[in-house]
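Undergrad: Got chain U sorted already, so can you dock chain R onto it with the hints?
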Amino acid sequence: MTRVLLRLVLRWETLLIVAIVGGGIWSATLSEFFFTRINLLDLATPYVFIGLLAFGLTFVVIAGEIDISVTSILAVSVVSFAQLLDHGVNVWLATAAGLGVAAALGLVNGLLVGVLNLPSLAVTLGTLAAFQGLAFVILSGEGVAEFPQRYLSIGGGYSKQELPHALVLLVAAAFVLGLLLHATRFGRYLFAIGSNREAAHLSGVPASRVRVTVFVISGLMAGIAGIAYVGFFGSARADAAQGSLLDVVTAVVLGGVNIFGGAGTMVGVFLALILVAVLRNGMQLANVGGDTQNIVIGVLLLAAIAAGNLGRAIQDGSISLARLGIRRRGVIRSDAKEAAIAMSVESQTPKGR
Amino acid sequence: MRRKRLGILSLISLVAVVVLSVGLSAGTSSAGTERAESGKRIFFLPKLIGVNVFTENGKSAKEAARALGETVTYNGPTEAVAAKQVPFIDSAARQGYNAIVISANDPNAVAPALKRAQQRGLKVISYDGDVRKDARTIFVSPPKASDIGAFQVEWLGAQIRYRGEIAILSATPTAANQNTWIKFMKQTLKKRKYRNMKLVKTAYGNDNPTDSAKETQALLRAYPNLKGIIAPTTVGISAAAQVLDQSRRCRRVALTGLGLPNQMRRYVKKGCARRFGLWNERDFGYLATYVASLVLDGKLTGKLGESFRAGRLGTRRVVTSDGNSPVVVLGKPLVFTRANIDKYNF
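The listed protein sequences correspond, in order, to chains U and R. All residue numbers for the first sequence refer to this note's numbering, where the first residue is 27 and numbers rise by one. All residue numbers for the second sequence refer to this note's numbering, where the first residue is 53 and numbers rise by one.
For the record, the hints were derived by calculation from the structure and aren't laboratory data. The reader is advised that the hints may include incorrect statements.
[As the list claims (entries may be wrong)] Label pairs and their in silico Cβ distance ranges: (1) GLY350(R) with LEU205(U): 54 to 60 Å; (2) LYS266(R) with LYS186(U): 55 to 61 Å; (3) GLU58(U) with GLY121(R): 21 to 27 Å; (4) GLU172(U) with GLN298(R): 48 to 54 Å; (5) ARG215(R) with HIS113(U): 47 to 53 Å; (6) GLY126(U) with THR262(R): 34 to 40 Å; (7) GLY121(R) with THR55(U): 27 to 33 Å; (8) PHE162(U) with ALA274(R): 28 to 34 Å; (9) GLU224(U) with GLN298(R): 55 to 61 Å.
Think of the CB as a built atom: it goes at the ideal place given N, C-alpha and C, for glycine as much as any other residue.
Next comes chain U alone, as it looks inside the complex (with noise of 0.2 Å):
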């Protein structure tokens, strides 16, 4: 039973609970203002885009593989709706549009990866570019900025003068997709192809067409994420999102998913954003520069990766406890996957000790 607790109680997602509530209590002691209801009901609202993002990326990961051209997606898919509004198009099918190009997208990036088996980084670093090119095909100049207010409430309007629908979005979209992610038979697939690719084959797995369906999700997403980006800030340009790639794949890994695939909830992810976002805002209040909160947030994603390896290869009993001055546990190696990241961690471990 005090096992099972502790267990529990030594998740990722607890612990990243833990630092929200520390980083909030820390927030507090910098600036008055941040314990305000207005402000913590606030503070995610300039970060839903990214995470909308994130909830994408984070199916592609888990499935072993990565997706750079989000950001990409989203400015094509933002200013193909914009373009088909000035042109005189009915508001929600210009939205349907703009999703339906984020998703055809995300497709390009799919068939690439899962069909020609083209390696992931490689196939999105080349979208990246080349989507980022087709916005600006598409508009070009300052862009457009006159949308309906009804359109514009969905990422930027508050209920009650309180509560961003934003916020809403957010929290609706996390629990739809956990559930697409923990409770169905596809969400299983993911992990078991990013765990183990051969072997999710050989047993029966589509492999192929769940790592097509990874990259649609992803690219959907950003044509969602996009309309939560030109609701909160009202202005569709062919750099809209530039500059964010960082900070989705920050909530990501930060939310312990882990970069080689195979494990990661969609819990986590969330919590990582509110963590970031509970840091940025207290930092922001307490008018730290905008370079140290660089730093802080980069500081915390490297520990959060040695503290998510570390502790994978100690569960694993792969890394040689003794040298830590922890008694080893007897567990086999299960996967070839986990020893090389047992590897990597032992040889960033100070040897002759």
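TA: This is chain R only, laid out in the frame that chain U set:
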């Protein structure tokens, strides 16, 4: 078992402590607040921090704040991205600042946040990069486009005795500000004084050092009698200066345009680009802060023709640009020569 996990936990908490202490100790490395006993609080938000030009704007904003007895906080994102300016706007409003002075990365994307701030009673002044007209009270603008165009023709003419073939090295063919300046240059060249200066080509270096250098070399090959180049872009002028310097043509081909003193200093001292210009970044933040302070005091409302005293800059006047929106112009462009360049650091 328990000890292993305690190991992980202690590691994480150790890192957390390090992170937090870094944040606390380095909190005011490049951002900072100029405190005053009383007075109003002004949040100064550049396009990005860590760039000399904006650092100069920030310093001069604090200089103005000292003169006025106000408080200025200078802070912003580390990338020139509108989405990253928005959290600074919201947090300034929540902290109860009285005004925001902003150079926007996207005139529209910051507008909803600025309007939220206005609803909470803050005054918004834009400078350098304007925002949507309904989201600010007054825009403090760089020198007039007609002045920027005409001055550059004069700076080049003075170097080549107003005679000979000249070329323009611009950024991209679609850059609106570049095209406006070039239009005014062409108008100026029609004046009697400049009738012997002949514009032979307008080249585009795409605001990229390599492309700009290639275009400069192409100009030198195609027009052996070329007497001068005008590069109204900071990237273009420094690339052109480098090419002229390396090919030892600084004496034969004159160079002018818009450049940063820090980038151009060594060329000016070698005799390349003996006369070029920009606007005074030191005055820019100063004037914008003065405007913000006067608007807060109700002494400036943005009516056409309204005049006011802006400290060491003397009397200024509110003019209107297109669309009848109130604008205060920084002044005439500033010229840099070997004699004065060491006075400027941006």
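Undergrad: Are the hints correct? Go through all of them and say.
TA: Quick rundown of the hints versus the structure:
The hinted range of 54 to 60 Å is satisfied by GLY350(R) and LEU205(U), whose Cβ atoms lie roughly 56 Å apart. Distance hint for LYS266(R) and LYS186(U): a CB-CB separation of about 59 Å, consistent with the stated range 55 to 61 Å. About 24 Å separates the C-beta atoms of GLU58(U) and GLY121(R), a value consistent with the hinted range of 21 to 27 Å. Checking the proposed 48 to 54 Å range against GLU172(U) and GLN298(R) shows it holds: the Cβ atoms sit about 49 Å from each other.
For the pair ARG215(R) and HIS113(U), the supplied restraint of 47 to 53 Å holds, since their beta-carbon distance comes to about 52 Å. Look at GLY126(U) against THR262(R): about 39 Å separates their beta carbons, and that is inside 34 to 40 Å. About 29 Å separates the C-beta atoms of GLY121(R) and THR55(U), a value consistent with the hinted range of 27 to 33 Å. Between PHE162(U) and ALA274(R) the beta carbon distance is about 30 Å. The supplied range of 28 to 34 Å therefore holds.
In this structure, GLU224(U) and GLN298(R) meet the distance hint of 55 to 61 Å, their C-beta atoms being roughly 57 Å apart.
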